[in-house]
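Trainee: The chain contents come next:
There are 2 protein chains.
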Amino acid sequence: MQSLSRTTALRGLGRVHSTAPCRAVLSRTRLLSPLNVNTATASRASFATQSARCYAASKEVKFTADNYPNVQRDSRFSKLTREDVDHFKSILSSQSSIIDAQDDASELEGFNTDWVRKYRGQSQLVLKPKSAEEVSKILKYCNDRNLAVVPQGGNTGLVGGSVPVFDEIVLSLSAMNSIRSFDEVSGVLVCDAGVILESADSYLRERNHIFPLDLGAKGSCHVGGNVATNAGGLRLLRYGSLHGTVLGVEAVLPDGTILNDLQTLRKNNTGFDLKQIFIGSEGTVGVITGISILCPRRSNAVNTAYFGLESFDHVKRAFTKAKKDLGEILSAFELMDGLTQDLFHKTTGKPYPLADRYPFHVLIETSGSNGEHDSAKLEAFLEEVMGEEIVADGTVAQDETQAQTLWRWREGLPEACAHWGGTYKYDVSIPLNEFYTLIEDCRKLFDEAGLVGGTEDDSKPVIGVVGWGHMGDSNLHLNVPVRWYDKKVENLLEPWVYEWIEKRKGSISAEHGLGFAKRDFVQYSRDETALGIMRRVKNTFDPKGIMNPYKYIPMN
Amino acid sequence: MQSLSRTTALRGLGRVHSTAPCRAVLSRTRLLSPLNVNTATASRASFATQSARCYAASKEVKFTADNYPNVQRDSRFSKLTREDVDHFKSILSSQSSIIDAQDDASELEGFNTDWVRKYRGQSQLVLKPKSAEEVSKILKYCNDRNLAVVPQGGNTGLVGGSVPVFDEIVLSLSAMNSIRSFDEVSGVLVCDAGVILESADSYLRERNHIFPLDLGAKGSCHVGGNVATNAGGLRLLRYGSLHGTVLGVEAVLPDGTILNDLQTLRKNNTGFDLKQIFIGSEGTVGVITGISILCPRRSNAVNTAYFGLESFDHVKRAFTKAKKDLGEILSAFELMDGLTQDLFHKTTGKPYPLADRYPFHVLIETSGSNGEHDSAKLEAFLEEVMGEEIVADGTVAQDETQAQTLWRWREGLPEACAHWGGTYKYDVSIPLNEFYTLIEDCRKLFDEAGLVGGTEDDSKPVIGVVGWGHMGDSNLHLNVPVRWYDKKVENLLEPWVYEWIEKRKGSISAEHGLGFAKRDFVQYSRDETALGIMRRVKNTFDPKGIMNPYKYIPMN
Chain V
1 MQSLSRTTAL RGLGRVHSTA PCRAVLSRTR LLSPLNVNTA TASRASFATQ
51 SARCYAASKE VKFTADNYPN VQRDSRFSKL TREDVDHFKS ILSSQSSIID
101 AQDDASELEG FNTDWVRKYR GQSQLVLKPK SAEEVSKILK YCNDRNLAVV
151 PQGGNTGLVG GSVPVFDEIV LSLSAMNSIR SFDEVSGVLV CDAGVILESA
201 DSYLRERNHI FPLDLGAKGS CHVGGNVATN AGGLRLLRYG SLHGTVLGVE
251 AVLPDGTILN DLQTLRKNNT GFDLKQIFIG SEGTVGVITG ISILCPRRSN
301 AVNTAYFGLE SFDHVKRAFT KAKKDLGEIL SAFELMDGLT QDLFHKTTGK
351 PYPLADRYPF HVLIETSGSN GEHDSAKLEA FLEEVMGEEI VADGTVAQDE
401 TQAQTLWRWR EGLPEACAHW GGTYKYDVSI PLNEFYTLIE DCRKLFDEAG
451 LVGGTEDDSK PVIGVVGWGH MGDSNLHLNV PVRWYDKKVE NLLEPWVYEW
501 IEKRKGSISA EHGLGFAKRD FVQYSRDETA LGIMRRVKNT FDPKGIMNPY
551 KYIPMN
Chain W
1 MQSLSRTTAL RGLGRVHSTA PCRAVLSRTR LLSPLNVNTA TASRASFATQ
51 SARCYAASKE VKFTADNYPN VQRDSRFSKL TREDVDHFKS ILSSQSSIID
101 AQDDASELEG FNTDWVRKYR GQSQLVLKPK SAEEVSKILK YCNDRNLAVV
151 PQGGNTGLVG GSVPVFDEIV LSLSAMNSIR SFDEVSGVLV CDAGVILESA
201 DSYLRERNHI FPLDLGAKGS CHVGGNVATN AGGLRLLRYG SLHGTVLGVE
251 AVLPDGTILN DLQTLRKNNT GFDLKQIFIG SEGTVGVITG ISILCPRRSN
301 AVNTAYFGLE SFDHVKRAFT KAKKDLGEIL SAFELMDGLT QDLFHKTTGK
351 PYPLADRYPF HVLIETSGSN GEHDSAKLEA FLEEVMGEEI VADGTVAQDE
401 TQAQTLWRWR EGLPEACAHW GGTYKYDVSI PLNEFYTLIE DCRKLFDEAG
451 LVGGTEDDSK PVIGVVGWGH MGDSNLHLNV PVRWYDKKVE NLLEPWVYEW
501 IEKRKGSISA EHGLGFAKRD FVQYSRDETA LGIMRRVKNT FDPKGIMNPY
551 KYIPMN
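Those protein sequence lines, which keep their order, are chains V and W.
For the first sequence, UniProt numbering gives the first residue as 1, with consecutive numbering after it.
For the second sequence, UniProt numbering gives the first residue as 1, with consecutive numbering after it.
Simulated from the structure, these hints should not be mistaken for laboratory data.
Be aware that a few hints might be false.
The list makes no distinction among identical chains, and a pair is therefore deemed to hold if it is satisfied within one copy or across any two copies.
Said to hold, decoys possible - Straight-line Cα separation of at most 30 Å, DSBU-like style, residue types lysine-lysine; simulated pairs:
#1 LYS324 - LYS505
#2 LYS425 - LYS79
#3 LYS316 - LYS59
#4 LYS346 - LYS59
#5 LYS538 - LYS137
#6 LYS425 - LYS89
#7 LYS444 - LYS488
#8 LYS137 - LYS505
#9 LYS538 - LYS140
Let's have the full structure, built from the sequences with the hints guiding it.
Mentor: Spelled out as structure tokens, the structure:
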């Protein structure tokens, strides 16, 4: 087998250079051994927690109610009274389960403000039940009293779905964070909804398995929130969506009914698959308190590579080759445009992984059961993409630390974008042919409007227009990092982005969900018939509408 | 790498013998080349069609209404009139879309009688609409008139779900059988519900893809019926359930509303994932008229092996080894007990694949992108299972024809069991530890009752108690082949089987669904709370209850 060139490791990373005459260079040294990384995927550091701390110090977030005066508080809902608070104290087993604004209003800020720092509610009460039974008592009371409720997991959502809009009670799952069981033979994990994703993954790694979902906010987000929002993330390409991997849920309906549907069987065709209604329902039909999920075995071998490419056409060709050559071991194909890497470099000071900067970068991960075979497959792939000059430059991680370093250039992007103050975020699905055109068209729009100041000119709101995403799932993240949230920017983006997507029959929310941010734009991806049926489903489960109101879908 | 012995091919199959002293024999010849089968999975012949013909000649099936006198016709439903038939004639585009008992009653028999020949309805009318619009017109009229309807696909179900119980109108999807589109880049197929599974798979194979589902009835069953019943089948181990692979459905609600939710995006978090409600709903909330589904690429290399094993403990050990050694390329691990192979041998006259007969047989399939790597993995696996004497004897298919031959010993079992007259069929999920105990316990039960006559003694109803299944999914098929359906047999089996399953927290229907056969046993796998929520869902979509009545879940 022909082998590839490898120059000296620079900044701790083995590097793969494609220089003319390519074939000659390719045959010079063998790449196989540095690829042979027989370690499991790096347990990549979480940014969400750090970031939450980091931005807590920045300027105050405006109340959603003031920022969106067209949204009115629903008068059907009661206002919280002292009697209500006393009642909650009487039904919860621990006083630490209640955070009451009367005691310390500042303690509620973190629960009222969303991670993007764009939405801020005015809840006066946070409840942290410790069991499904406590959740049931809370919801039954709220339903009887017409008190609106926002279920909250790790509060890392990007569409304002997990914070109150007005004075809804926050029902936090953070005190329900136990692993209930794990079966090493079947790979089925049963746990509380409030278990942090990274904790679940670490627990599984020690038992030779992994959680079938991975995403940047893993250090803060809850698995229950992941299921409630049908999170997609980095492993969907390989392990599929939560609609396939979640085997059961325990959920509490607004009337206090506890649905104990924590099945651990891979197959069970005994009536409606009720859990599916909760997956991706964003807290609008009940509160998920526990999940059971099928977890894949941890791979013996994981390889991570990072490439620079000259055009999006090159990216598409690399993707086709990766699917062909890497087949069943391809576990990630992530696209990051050049500007994203510049912003990460600027905000972190970290040296670029490659000597030059390219218009596009791609991060590829393989995971499989046989390190030797995987390396051979990756080698064949590299040989093709470098031989045909599809990839301009690249580097392959030699160990877990290097893999972690490379992954940061992808996972650190939300924080890099938020660095100057905030980000307008759009998470869309687009057929691959026009995948990156959205970013180019959006850039033109902003350039023409004269709103872009780059990282230097602080008189203008917009830093730039950038894109990254899960190319393997046709899922692009359009991000417009800004110095301040500005109606001029918002008005330029909306409904422009949604109309652009609608024309391509894409999805206006691929994986982030609708929340508050996209409720009024859902019709760009779903028609009135579908919305009508959704309303019937919502009304069936939550006839009084107390669950996460003002969000998800317009109810009239 | 140490290689394995291979004796001369017997009856066209390459054979792998494990004889003492095992290690010595193992190293004698190389197995690698015969394993290197670089062809796609055999397009295995369908048995369902043949069988339907074969059994059409056997004795008449009793009316369900007579056989189950405790089930009464629901008086809310109108009786079909000539005006109704005239109306249907007026709204359907073609006269061939109507089969009217007044014209030729015998033509309705195939639609009234189920594949197992256990259930027989008395419908007087079959409608075969050609479009979702025609389905809409039919259902709207039926809903207004309170006429009950049974949607019917290929009518290959095993629980009596697709035939009428009384005089329900049969709505057959057989005239909606077009492929609508296929995108080779994304692998997304959009097609009518009435496309036959094997036709869809053949169409995809020509385009380098496969349907993510495969099952014995593929030559007759419809993809719409597969989705409506959440069929599991042979590829679930590798590609997951239809809840994960189906991307969208087009469905008609009882009131005539057409839900056009034929999405082709892998990710779309814009509100409730409505298609999930239809997947596995068995025609009780509407009629699926089209589907979109994510189809995997056809593998470059497929290997098929067939083993004989001395005990179920050996099978479990082989399964653990297969998961470890074959990892991401394992695509089937099917268990068949010794008696199943005897019945297949007896009914078909085909020579056994192995020289000896074993208490257990296992069929393993691998599929992957690199034939050389897959062969090496399979070789390592064979070396372990034969070296450790986990497997007593085995054979590996050398080409597609041999693979087909081996698969028949698994896929031909339903027909082999039905040979003497009928089969009591139970399709259950059981934790692996007690997987085969159900068959052993059931055998004891029948032996003690003195009802077993084997294949020779035709004075007794029961041929034997046999088991096979998808070991990889914990899914066992308990089959009791009989000469005639006999209440003594049924009373021995039910509720005994269900109580046995309930004690192990298994599922009383892993993949076949509930239909008519299991409606009254669903409580063994789902609790009253879950059933209560299911009833609310059913009533939301089908308030008049006209869709596939008397089946699925008890409505009161």
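Trainee: Take the hints in turn and mark each one as holding or not.
Mentor: Quick rundown of the hints versus the structure:
When the C-alpha separation of LYS324 and LYS505 is checked against a cutoff of 30 Å, the pair qualifies only within one copy, where the shortest distance is 27 Å, while the shortest distance between copies is 42 Å. For the homomeric pair LYS425 and LYS79, neither the shortest alpha-carbon distance inside one copy (33 Å) nor that between copies (57 Å) is at most 30 Å. Neither within a single protomer nor between protomers do LYS316 and LYS59 lie at most 30 Å apart by alpha-carbon distance, with minima of 41 Å and 61 Å respectively. Proximity of LYS346 to LYS59 under the C-alpha cut-off of 30 Å is restricted to the intra-copy arrangement: shortest distance 22 Å within a copy versus 81 Å between copies.
With identical chains, the CA atoms of LYS538 and LYS137 are at most 30 Å apart both within one copy (21 Å) and between copies (27 Å). In this assembly of identical chains, LYS425 and LYS89 lie within 30 Å of each other by CA distance neither inside one copy nor across copies; the values are 39 Å within and 54 Å between. Proximity of LYS444 and LYS488 under a CA criterion of 30 Å is satisfied intra-copy only: 16 Å inside one chain copy versus 78 Å between copies. Within a single copy, LYS137 and LYS505 get their C-alpha atoms only as close as 43 Å, which misses the 30 Å cut-off; across copies the closest is 28 Å, which meets it.
For a Cα distance limit of 30 Å, the shortest separation of LYS538 from LYS140 qualifies both inside one copy, at 17 Å, and across copies, at 24 Å.
Taken one by one, the earlier hints fail for this structure at numbers 2, 3, 6, listed in ascending order.
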